[in-house]
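Asker: Given two chains presented individually in distinct reference frames, assemble the corresponding complex, making use of the accompanying hints.
Line by line, the protein sequences are chains A and B.
For the first sequence, position 86 matches number 86 in our numbering, and the numbering has no gaps at all.
Count along the second sequence from 1, then add 1000; that gives the number in our numbering.
It is possible that part of the hints are untrue.
SDA-like cross-link-like pairs, simulated, lysine to any residue; straight-line CA separation at most 20 angstroms [as the list claims (entries may be wrong)]: (1) B:LYS1002 with B:SER1046; (2) B:LYS1002 with A:ARG35; (3) B:LYS1002 with A:ALA6; (4) B:LYS1002 with A:ALA120; (5) B:LYS1002 with B:ARG1047; (6) B:LYS1002 with B:GLY1056; (7) B:LYS1002 with B:GLU1049; (8) B:LYS1002 with A:ARG140; (9) B:LYS1002 with B:ASP1023; (10) B:LYS1002 with A:VAL49; (11) B:LYS1002 with A:GLU26; (12) B:LYS1002 with A:ARG34; (13) B:LYS1002 with A:ARG39; (14) B:LYS1002 with B:LEU1040; (15) B:LYS1002 with B:LEU1045; (16) B:LYS1002 with B:ARG1029; (17) B:LYS1002 with A:GLU46; (18) B:LYS1002 with B:PRO1048; (19) B:LYS1002 with A:GLU161; (20) B:LYS1002 with A:VAL129; (21) B:LYS1002 with A:THR12; (22) B:LYS1002 with B:ARG1044; (23) B:LYS1002 with A:CYS45; (24) B:LYS1002 with A:ARG33; (25) B:LYS1002 with A:THR21; (26) B:LYS1002 with A:HIS47; (27) B:LYS1002 with A:LEU43.
Cβ-to-Cβ under 10 angstroms is the rule here; a few derived chain A residues that face chain B [stated by the list, open to error]: (28) HIS90; (29) MET113; (30) LEU118.
Looking from chain A toward chain B, a few residues come up when the C-beta cut is under 10 angstroms (computed) [as the list claims (entries may be wrong)]: (31) GLU26; (32) THR27; (33) GLN37; (34) GLY40; (35) VAL49; (36) VAL60; (37) ALA62; (38) LEU66; (39) MET67; (40) HIS100.
For the record, the hints were derived by calculation from the structure and aren't laboratory data.
Beta carbons are placed, not taken as given, at the ideal position from N, Cα and C, and that holds for glycine.
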Amino acid sequence: MSGETAITVSATVNGRRQTFTCEARETLADALRRRCQVRGVHLGCEHGVCGACTIRFDGVTARSCLMFAPQADGAEIVTVEGLADGDELHPLQEAFSRHHALQCGFCTPGFLMVAQELLAEGGPLTEEVVREAISGNICRCTGYHNIVEAILAVADARSGEAEK
Amino acid sequence: MKAAAFRYHRATSLDDALAVMADDDEEVRALAGGQSLVPLMAMRLSRPEVLVDLNGVDALAGVALDGGHLRIGAMTRQRDVERSPLVAEHLPLLRTAIGHIGHVTIRHRGTIGGSVAHADPAAELPAAVVALGAEMVLASTGGTRVVPAEEFFDSYLVTAVEPGELLVEVRFPLGAVPARHGMAEFTRRAGDFAVAGAIVLADVAADLTVRRARVVPMAVDPAPRRSARAEELLVGRALDDGVIREVAAAVAAGCGPVDDIHGSAAYRRDLVAEMTRRALARLRQGAGE
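Chain B extracted, bound-state conformation (with noise of 0.2 angstroms):
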């Protein structure tokens, strides 16, 4: 349990650390809050040879509300990002999403940028950022490139980063997705990783038609998808409890989950079922009033 020997470089800026990302004849990783990767070092499942370490590069952290976009640096920690206002006031499923994190401890070092570029399906972050229509922005010492969430996640920890390349922000355009939000995930204790999740967006009428709506089940594919079908089930109905059923069940229908030591993939497709369902009626709670 004790990580392999690595060569530690403290970044002093965004320069500095892509400076040293780039070199290619190394494996470099970036350490940001380090609550993922740091584990998958002691268990020697990560070896890097240089670890540049983001935490003292300032510049990486903040929420700022930017024209049509809520920015936010990807070492801003999930915790700052829990209590912004500006996060309250747009992006209030951001603000549910990592009251589901681990615990307050992990959220205090942990970053948002950090759990998006580490990929984890079951994780909360990739799944929101999905939901959100997010961007976002990776930089190297070549330049500056936007990639959407829904091109960035390929699988199992797996992303649209290159070598070299450094996640350093994560875009939010305001309005472009459903303001009302639902969530719900299982976990079999507080704070660990939902064993199956949803989360859903929608805008619903006041007599509960749904006119936009975005389906994100979790941990039920090798990386976090909107679910086509059960969006086209939302659109243009009422949200009631046979719509809810009906969604719940086209989105157990539609993903692809594994068998683990968490759960089997039957016991999944069941879970995700009843999360959708739940996450859905969280949504419509004070909908149409």
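Excised from the complex, chain A in its bound form (with noise of 0.2 angstroms):
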């Protein structure tokens, strides 16, 4: 069995075209940590429980420890180092700070890449919509409500400019 072999593995990952080899085993998430160094992908369960490492993977979020890093081969990956501009934050990231939506921060990309493809979604946001959609990720410190908060401030922000 030649379960050890390295794969050379080739993947957008935030708009860089990224080849790097690994074991099959290994998860996409430990991929874009080591191979990658992509260190805004957080590992808190690695059994997909709690969301921290919640990327775009072919335009969809995904959990990157319920992936084998093999099966990113071809791939078009977004992480939250992808999300800001620039030096300029992206607006979710500015309300997260405005909202004192994070203590630890070690959840908060989870949440952004969730947050940001329900906003993306164009739906209208109430604070049900919004807590269903983060239900899949754990926090710790916040007690969620900054974080429902920050992410309604945006919505509302953004149907403000659309009835301008």
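Answerer: If you want it as structure tokens, here you go:
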């Protein structure tokens, strides 16, 4: 059996082509951190419960601890590092900061990726919709209240702009 | 929490996948959405020697209406099934059931075939395919066979799939089961597996008389199965509160729950009665109008 054979993977990570070698058994989350130096991908539970490792994989959110690295060959990946535009934070990142939607910050990348997808869908957001959308992400600091506020603030700002 | 070493094979076609699955010298597992298998491998509860990744086999994904059946490819993402107009029109229960699975991020990757083949008795899709009288299409290098959902699930995580076989499609016969549905499940947190739940299908006349019924309790037996006693109690009677209570009690009496960290067997029995009551109450809403 040849399980430890190195596999070459080539993927687009935050707009940049990255080619790396990995073991088959390596999770995508580990490979992104170790091989691609994308350390905003946080590993909390390593079995798909906490949501901290959430990334965008071929256009939709996915938990990178529930994928093996070779599955990323040819994929388009966006991590939390891909949200900001240069030095300019994404509106969600601004809102998380302004509304104190994080304390230790460990879970924040996963929340941001899920919230970004929710906002991109463009539907009307209520507190209930936001709470449902983030129900797969665990935060042990904030009690979620300020995270919900931050996401709703961005949604409100956007609908305000649309009405202008 | 790291998987044991394995050989990775990215299948390029169904034939390619089946050829690797046919190797009986090594333990081969198919990788669908990975939302259950990858955690099992991370915890070393599953240690396949070869993993056949089906994610590149586009022919295994898709929803199609074909004569009297709605055919859903095994690799169709749960999120795509949930959003399919064909599913909304013909199999509204399936849409309801998938809405209870994990979270949107999980449903983006999770597949219908993966969940059915994994056969967790607390999961939504195994119970839903039994309720809907679906047929499982199994393929191997030797050919194809079809297994009805009621004969597919043997026990906890055990199905009729033989070594070398792959679940390639779930086929739903249209019009063969009652149209109206109700579903209820209890979870500790949104998106968790059910501690107990119930799915009911019924045709209900204007005076609320039940013509046909199918009742499938969830998470209270080693494998999803219909409650024959509950169905007998429903057919031919008006769906009033008294009948609903009788049926709920029959489901509770007829199931075989076990104790685990999520709840005792006695608690599950009480809970499944309440979930059956709620599922029937939901089914009744709007009936007879």
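Asker: Determine for every hint whether it applies to the structure shown.
Answerer: Cross-check of the supplied hints:
Of the supplied pair hints, the one linking LYS1002 of chain B and SER1046 of chain B holds, its CA atoms being roughly 11 angstroms apart against a limit of 20 angstroms. Taken as a hint, the LYS1002 of chain B and ARG35 of chain A pair is honoured in the structure, with Cα atoms around 17 angstroms apart against an allowance of 20 angstroms. For the proposed pair LYS1002 of chain B and ALA6 of chain A, the alpha carbon gap of about 16 angstroms is at most 20 angstroms, so the pair holds. About 33 angstroms separates the Cα atoms of LYS1002 of chain B and ALA120 of chain A, which puts this hinted pair outside 20 angstroms; it is violated.
Between LYS1002 of chain B and ARG1047 of chain B the CA atoms are separated by roughly 11 angstroms; this keeps the pair inside 20 angstroms, and the hint holds. Distance restraint check for LYS1002 of chain B and GLY1056 of chain B: the Cα-Cα separation of roughly 24 angstroms exceeds the 20 angstroms cut-off, and the hinted pair is therefore not satisfied. Distance check on the hinted pair: LYS1002 of chain B and GLU1049 of chain B sit about 15 angstroms apart at the alpha-carbon level, within 20 angstroms; holds. With a C-alpha separation of about 24 angstroms, the suggested pairing of LYS1002 of chain B with ARG140 of chain A is violated against the 20 angstroms cut-off.
Pair hint LYS1002 of chain B plus ASP1023 of chain B does not hold up; C-alpha atoms about 25 angstroms apart against a cutoff of 20 angstroms. Restraint check for LYS1002 of chain B and VAL49 of chain A: satisfied, since their Cα atoms lie roughly 15 angstroms apart, inside the 20 angstroms limit. Between LYS1002 of chain B and GLU26 of chain A the CA atoms are separated by roughly 8 angstroms; this keeps the pair inside 20 angstroms, and the hint holds. The suggested pairing of LYS1002 of chain B with ARG34 of chain A holds, with an alpha-carbon distance near 15 angstroms, which does not exceed 20 angstroms.
Taking the CA atoms of LYS1002 of chain B and ARG39 of chain A, the gap is near 18 angstroms; set against the 20 angstroms cutoff, the hint holds. Among the hinted pairs, LYS1002 of chain B with LEU1040 of chain B is consistent with the structure: their alpha-carbon atoms are about 10 angstroms apart, no more than 20 angstroms. Between LYS1002 of chain B and LEU1045 of chain B the alpha-carbon distance is near 11 angstroms, which keeps this suggested pair within the 20 angstroms criterion. For the given pair, LYS1002 of chain B sits about 17 angstroms from ARG1029 of chain B by alpha-carbon distance, which is consistent with the 20 angstroms threshold.
Proximity of LYS1002 of chain B to GLU46 of chain A is assessed by CA-CA distance (about 8 angstroms); at most 20 angstroms being required, the pair is judged to hold. A threshold of 20 angstroms between alpha carbons decides the hint, and for LYS1002 of chain B with PRO1048 of chain B the separation of about 13 angstroms falls inside it, so the pair holds. Distance restraint check for LYS1002 of chain B and GLU161 of chain A: the Cα-Cα separation of roughly 47 angstroms exceeds the 20 angstroms cut-off, and the hinted pair is therefore not satisfied. Using a Cα cut-off of 20 angstroms, the hinted pair LYS1002 of chain B and VAL129 of chain A is violated, with the two alpha carbons roughly 34 angstroms apart.
Restraint check for LYS1002 of chain B and THR12 of chain A: the C-alpha separation of about 25 angstroms exceeds 20 angstroms, so the hint is violated. The suggested pairing of LYS1002 of chain B with ARG1044 of chain B holds, with an alpha-carbon distance near 8 angstroms, which does not exceed 20 angstroms. This hinted pair checks out: LYS1002 of chain B and CYS45 of chain A have alpha carbons roughly 11 angstroms apart, not beyond 20 angstroms. Only pairs whose Cα atoms come within 20 angstroms are accepted, and LYS1002 of chain B paired with ARG33 of chain A is accepted, the gap being roughly 15 angstroms.
A distance of roughly 17 angstroms separates the Cα atoms of LYS1002 of chain B and THR21 of chain A; the hinted pair therefore holds under the 20 angstroms criterion. Only pairs whose Cα atoms come within 20 angstroms are accepted, and LYS1002 of chain B paired with HIS47 of chain A is accepted, the gap being roughly 10 angstroms. At roughly 12 angstroms between alpha-carbon atoms, LYS1002 of chain B and LEU43 of chain A fall within 20 angstroms of each other, so this suggested pair holds. Below 10 angstroms, beta-carbon pairs count as interface contacts, and HIS90 of chain A has none with chain B, the closest being about 18 angstroms; its hint is therefore violated.
Checking MET113 of chain A against chain B: minimum C-beta separation of about 8 angstroms stays under 10 angstroms; hint holds. Nearest Cβ of chain B to the Cβ of LEU118 of chain A: about 8 angstroms, under the 10 angstroms cut. The hint holds. Because the closest C-beta pair between GLU26 of chain A and chain B is about 8 angstroms apart, less than 10 angstroms, the hint holds. For THR27 of chain A, the interface hint holds, the least distance from its beta-carbon to any beta-carbon of chain B being 8 angstroms, beneath 10 angstroms.
Interface restraint check: GLN37 of chain A against chain B, minimum CB-CB distance 20 angstroms, threshold 10 angstroms, status violated. Here the hint on GLY40 of chain A is broken, as its CB sits about 17 angstroms from the closest CB of chain B, past 10 angstroms. Here the hint on VAL49 of chain A is kept, as its CB sits about 8 angstroms from the closest CB of chain B, short of 10 angstroms. Hint on VAL60 of chain A holds. Least Cβ distance to chain B is approximately 4 angstroms, under the 10 angstroms limit.
The interface hint given for ALA62 of chain A is met, as the beta carbon of that residue sits about 5 angstroms from the closest beta carbon of chain B, less than 10 angstroms. Nearest Cβ of chain B to the Cβ of LEU66 of chain A: about 5 angstroms, under the 10 angstroms cut. The hint holds. For MET67 of chain A, the interface hint holds, since its Cβ comes within 10 angstroms of a Cβ in chain B; the closest pair sits about 6 angstroms apart. Against a cut-off of 10 angstroms between C-beta atoms, the interface hint on HIS100 of chain A is violated, since the closest Cβ of chain B lies about 24 angstroms away.
In summary, the structure is inconsistent with hints 4, 6, 8, 9, 19, 20, 21, 28, 33, 34, 40 from the numbered list given earlier, while agreeing with the others.
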